[in-house]
Amino acid sequence: MLTLLILIPLAGSLVAAWLPRAWAVGFALATWFESLWVLQQFDLHTPGLQLLEYQPWLPQLGLNYSLGVDGLSLPLVLLTSTITLLVLWGAPLSIPPERRQLFNSLVLLATSGVMASLVAQNLLMFLLFYELELIPFYLLIAVWGGQRREYAAMKFLIYTAVSGILILGGFLALGGLSGSLNFDYAQIHPEHLSQRTQLLILTLLLVGFAIKIPLVPFHTWLPDAYVEAPAPVAILLGGVLAKLGTYGLVRFGLGLFPDTWHLISPGLAAVASLTIIFGALAAIAQKDIKRMVAYSSVGHMGYVLLGVAASTPLALVGAVAQMVSHGLVLAFLFYLVGVIEVKVGTRELDVLNGLLNPLRGLPLTSAMLIAGGMASAGIPGLVGFIPEFLIFQGSFSAFPIPTLLAVLGTGLTAVYFVILLNRTCFGKLDNHTSYYPAVTWQEHAPALVLTGLILWFGIQPSWLVSWSESTTAALIAAINL
Amino acid sequence: MHLQFFLLLAAALFCIGVYGLINSRSAVRVLMCIELMLNAVNLNLMAFSNFLDPQEIRGQVFTVFVITIAAAEAAVGLAIVLSIYRNRDTVDMERFNLLKW
Amino acid sequence: MDFASLAAQLNAGAILPEVLVTVTLLGVLTIDLVGGRSTSRWTPYLGIAGLLGALGALYYQWGQANPTAFLGEFNADPLSIVFRGLVVIAAAVTIAMSIRYVEQTGTSLGEFIPILLTATLGGMFLSGADELVSLYVALETLSIASYLLTGYMKGDPRSNEAALKYLLIGAASSAVFLYGASLLYGLSGGETRLAAIGAALSTLTPQTASGAVIALVFVAAGIAFKISAVPFHQWTPDVYEGSPTPITAFLSVGSKAAGFALATRVLVVVFPSVLEQWHFLFAALAVLSMVLGNVVALTQTSMKRLLAYSSIGQAGFVILGLVAGTAEGYASMVFYLIVYLFMNLGAFTAVVLFSLRTGTDQISEYAGLYQKDPLLTLGLSLCLLSLGGIPPMAGFFGKLYLFWAGWQAGLYGLVLLGLVTSVVSIYYYVRVVKMMVVKEPQEMSEAVKNYPPVTWSLPGLRALQVGLVVMVLVTSLGGILSNPLFRLANSSITQTPLFQAVPPSIANSRL
Numbered sequence: 001m002l003t004l005l006i007l008i009p010l011a012g013s014l015v016a017a018w019l020p021r022a023w024a025v026g027f028a029l030a031t032w033f034e035s036l037w038v039l040q041q042f043d044l045h046t047p048g049l050q051l052l053e054y055q056p057w058l059p060q061l062g063l064n065y066s067l068g069v070d071g072l073s074l075p076l077v078l079l080t081s082t083i084t085l086l087v088l089w090g091a092p093l094s095i096p097p098e099r100r101q102l103f104n105s106l107v108l109l110a111t112s113g114v115m116a117s118l119v120a121q122n123l124l125m126f127l128l129f130y131e132l133e134l135i136p137f138y139l140l141i142a143v144w145g146g147q148r149r150e151y152a153a154m155k156f157l158i159y160t161a162v163s164g165i166l167i168l169g170g171f172l173a174l175g176g177l178s179g180s181l182n183f184d185y186a187q188i189h190p191e192h193l194s195q196r197t198q199l200l201i202l203t204l205l206l207v208g209f210a211i212k213i214p215l216v217p218f219h220t221w222l223p224d225a226y227v228e229a230p231a232p233v234a235i236l237l238g239g240v241l242a243k244l245g246t247y248g249l250v251r252f253g254l255g256l257f258p259d260t261w262h263l264i265s266p267g268l269a270a271v272a273s274l275t276i277i278f279g280a281l282a283a284i285a286q287k288d289i290k291r292m293v294a295y296s297s298v299g300h301m302g303y304v305l306l307g308v309a310a311s312t313p314l315a316l317v318g319a320v321a322q323m324v325s326h327g328l329v330l331a332f333l334f335y336l337v338g339v340i341e342v343k344v345g346t347r348e349l350d351v352l353n354g355l356l357n358p359l360r361g362l363p364l365t366s367a368m369l370i371a372g373g374m375a376s377a378g379i380p381g382l383v384g385f386i387p388e389f390l391i392f393q394g395s396f397s398a399f400p401i402p403t404l405l406a407v408l409g410t411g412l413t414a415v416y417f418v419i420l421l422n423r424t425c426f427g428k429l430d431n432h433t434s435y436y437p438a439v440t441w442q443e444h445a446p447a448l449v450l451t452g453l454i455l456w457f458g459i460q461p462s463w464l465v466s467w468s469e470s471t472t473a474a475l476i477a478a479i480n481l
Numbered sequence: 001m002h003l004q005f006f007l008l009l010a011a012a013l014f015c016i017g018v019y020g021l022i023n024s025r026s027a028v029r030v031l032m033c034i035e036l037m038l039n040a041v042n043l044n045l046m047a048f049s050n051f052l053d054p055q056e057i058r059g060q061v062f063t064v065f066v067i068t069i070a071a072a073e074a075a076v077g078l079a080i081v082l083s084i085y086r087n088r089d090t091v092d093m094e095r096f097n098l099l100k101w
Numbered sequence: 001m002d003f004a005s006l007a008a009q010l011n012a013g014a015i016l017p018e019v020l021v022t023v024t025l026l027g028v029l030t031i032d033l034v035g036g037r038s039t040s041r042w043t044p045y046l047g048i049a050g051l052l053g054a055l056g057a058l059y060y061q062w063g064q065a066n067p068t069a070f071l072g073e074f075n076a077d078p079l080s081i082v083f084r085g086l087v088v089i090a091a092a093v094t095i096a097m098s099i100r101y102v103e104q105t106g107t108s109l110g111e112f113i114p115i116l117l118t119a120t121l122g123g124m125f126l127s128g129a130d131e132l133v134s135l136y137v138a139l140e141t142l143s144i145a146s147y148l149l150t151g152y153m154k155g156d157p158r159s160n161e162a163a164l165k166y167l168l169i170g171a172a173s174s175a176v177f178l179y180g181a182s183l184l185y186g187l188s189g190g191e192t193r194l195a196a197i198g199a200a201l202s203t204l205t206p207q208t209a210s211g212a213v214i215a216l217v218f219v220a221a222g223i224a225f226k227i228s229a230v231p232f233h234q235w236t237p238d239v240y241e242g243s244p245t246p247i248t249a250f251l252s253v254g255s256k257a258a259g260f261a262l263a264t265r266v267l268v269v270v271f272p273s274v275l276e277q278w279h280f281l282f283a284a285l286a287v288l289s290m291v292l293g294n295v296v297a298l299t300q301t302s303m304k305r306l307l308a309y310s311s312i313g314q315a316g317f318v319i320l321g322l323v324a325g326t327a328e329g330y331a332s333m334v335f336y337l338i339v340y341l342f343m344n345l346g347a348f349t350a351v352v353l354f355s356l357r358t359g360t361d362q363i364s365e366y367a368g369l370y371q372k373d374p375l376l377t378l379g380l381s382l383c384l385l386s387l388g389g390i391p392p393m394a395g396f397f398g399k400l401y402l403f404w405a406g407w408q409a410g411l412y413g414l415v416l417l418g419l420v421t422s423v424v425s426i427y428y429y430v431r432v433v434k435m436m437v438v439k440e441p442q443e444m445s446e447a448v449k450n451y452p453p454v455t456w457s458l459p460g461l462r463a464l465q466v467g468l469v470v471m472v473l474v475t476s477l478g479g480i481l482s483n484p485l486f487r488l489a490n491s492s493i494t495q496t497p498l499f500q501a502v503p504p505s506i507a508n509s510r511l
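Residue numbers (my numbering), protein chains in the order written: chain A, 1 to 481; chain B, 1 to 101; chain C, 1 to 511.
It is possible that part of the hints are untrue.
Stated by the list, open to error - Derived Cβ-Cβ restraints for the label pairs, each shown as a range:
id, chain 1, residue 1, chain 2, residue 2, range
1, C, 106, A, 151, 39 to 49 Å
2, C, 359, A, 431, 54 to 64 Å
3, A, 7, C, 217, 23 to 33 Å
4, B, 23, C, 13, 12 to 22 Å
To be verified - Below, in silico cross-link-like pairs of lysine-lysine (DSBU-like), each with a Cα-Cα straight-line distance of 35 Å or less:
id, chain 1, residue 1, chain 2, residue 2
5, C, 449, A, 155
6, A, 428, A, 287
7, C, 449, C, 372
8, A, 343, A, 155
9, A, 155, C, 372
10, A, 428, A, 343
11, A, 343, C, 154
12, C, 449, C, 154
Since the hints were derived computationally from the structure, they do not count as laboratory data. Idealized CB from N, CA, C, for every residue including glycine.
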């Protein structure tokens, strides 16, 4: 049942603070199995919520313990549990052993919070776990990060806290003005509010989630946070936490305001294309490979927004698939960048060279990096192609110009990845300095698993897409009513 | 003798007390101004009691309580002033600046 | 008539908790007088036991049919029971904190505890006082005892200075309050009971209503001093910094709770005729407190001063609940004060522990503490995060309830300002947590490098440890499991007769 999805990581968080790493990985594995079990129980053809649980919690506040999963949250639940498992498995590469127990504990706590937010069916419960993420991630960046970690962590904290209060303001308005008894999703009916009020609340929520995802122009916290965070934390930030923002966008924006969505969707499409182009152009200009991947992440979230804005069934299915694909590819890229940073000792594009060298370079890592770049650029056969194709197909009818700009963005993605790969992997190794420690099979393992997933979902995309089909179709049908 | 005269006198005394409170440099003088303010209130209470509440004279009872408490406050205040004088050798309010912004 | 029937007629059973505290006070004083210095090993525990006994007596008083006592002077209704309970718990934890602290400074514990119990008595009577004379006497009892406690460390010039400032400003404010009370006495035509004054004021003509507003201003000035609302907050940072730290804890929680009890009772009972005016006045106080308290706290380098400005900001949030004017609003105010008690006392207990071990109060000296003292780090971090409103701690739920009640009552601007200043406050609370948890071992401060090994064997340290653990547990779990607290806060408002005229909430019916 869904409560276990929240309880297992939470218990693991308390246990992992004192016990060795194997326990933390064990709890993450248990969470992953639980999420697989949820998948197995899930009926793919029913559009509504499944595996419901309900428990009155704090009736004074209207906060109830209400859980449920549908085609929107299920892929993200599986993505979260998979990424957490891989992060905890691959953490020893970047995290020194002195405080690793605290690290594991914080990661599991963060996972528990994300799981709870994804399956919550009560606005305040969603907000509670959304805000819960603040301090674990602050500590994860501030304790184990790079040179400017304190600044980056504080920036992340303040931006995310502002995002939280904007969303809280929107939720309070929804609860107070729509005259519902409590904050359960089923009880919130903003339809009979005036259009102006609806627009106001929707804008509040959108800005709040836009800071989280992040979208241009609220993205300024991302480069610092992603770059200063250690690789495992960057994976979590981009692969898991950002999805919470897009999930909120669909669930509360599209889901609660079907009538007013068409009023703001042209603006959203414009922001989406701006984000895609800006992300790509900024990535081209970078000299630090981690920063390049960070801007790539910004750009690729723009595709999700385009699909959500277009609100055709095909585009929304593509958007959900892109969320999962982006998570997998980003985890893959950040992990490999982390390996390069630890083994070679630098992230500078000007310095890195010739890592494909089979004798003295990092051949397997570089080969996987090439695969990752291809996946991110949307080459067919890898997981990145199908979501982007679905989004383009679905959005073209609604917003032709932004879609064309997005296609252009895909091309630009290829540009910066070619720059990255050309400089990093190809070329000649510098004989004087290239004495790199070998990458063990254990250190390769998470990346290999991700390679397998990327290939698998690339070749067999129906598994990626079919989870969310019926729910997204129902959401779009509600708009067109 | 109208009620207003007493009230005006009390208000005037109160204002003198406030003025002295703000402007005094000596801590003892500030304590005296506080006593002045409390006595102005006593005048107020007595006046109201006489004109508005002659049967139950609640105001006069209140006045007795205020006088008592003012005495206690003055005692405590002087004790604290004495203690500060023992440590700092002065009661000049301008010199008490250890606790800053 | 004999004593028993007199006591029954006056409903003297209503002040049983206060009598228990008085007996404890006299007991501690006598034992210290007779037994000498050696008794100070166990008289604090006697004091705590007496306070817990008073808490039990309060519990039994709940839901009494006839709460009025002493011919209308004292009111033991559920609202007063909750506030008296807050003052008692604050005093008990303060005694636990001060055992070691007072020992270490070399002063005598034998006078400290009676004066603290006197302040507690004053606070308890203030929470239930229903009449001008008893109100003033209780207020002064609390205040004068607080002045003495602030200046208790006679050898420390900062303590002396803080006591002098507190005395002068406090005496002036209570004189101002008293002037307002005398005007109320006159305006109501000779009434001193609050309910009678309120009834008399509502029959005023529009010409004489201005007198009510003038009285309101004077009374509000006195109240705002007690709850340290801006711009009557000038004494707070200096007094909090100069006082011995356990007393700072008591002032920030117990004295403030009593001040809010005073505010609620006086404003709701006496001034319903000028409702808009006092709502406006206190909304302005709330805005100023939230903004100034949180913004100035950003610049502080001393832990006690930081907590002082933070308490000014927190008072601003609580005033929001007061201004909401609905039953939900008052209930949210009571709930937040209960939660605030635990998290603030927890933070102060940790600060006392740190200053006992290192002798310093500067925030920068906390750097790298997680290495040497994980319990203190965890406790202080959880309490500070709770103060900042981070879930799952109780402070988050308290703030949520306040904002929800304020929103429903239509105070959109105040709620938005509260949300923004909450984010500001997160910054300075997390800064302290950062010092303790994030700083590397090589960035440890001098104080932490010379940190004594953590032992709990010295007398009084056990009490500190128990106090810290209990406060931290309540703060962390009291949010998730806060349903009993919610029901307590709600029933304290709905079962109190003076709130019967108050609308439940502006929105539709709620359970």
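Hints versus structure:
| no. | hint | in the structure |
| --- | --- | --- |
| 1 | 106(C) x 151(A): 39 to 49 Å | holds, 45 Å |
| 2 | 359(C) x 431(A): 54 to 64 Å | holds, 59 Å |
| 3 | 7(A) x 217(C): 23 to 33 Å | violated, 55 Å |
| 4 | 23(B) x 13(C): 12 to 22 Å | violated, 50 Å |
| 5 | 449(C) x 155(A) | holds, 30 Å |
| 6 | 428(A) x 287(A) | holds, 19 Å |
| 7 | 449(C) x 372(C) | holds, 8 Å |
| 8 | 343(A) x 155(A) | holds, 29 Å |
| 9 | 155(A) x 372(C) | holds, 28 Å |
| 10 | 428(A) x 343(A) | holds, 17 Å |
| 11 | 343(A) x 154(C) | violated, 63 Å |
| 12 | 449(C) x 154(C) | holds, 31 Å |
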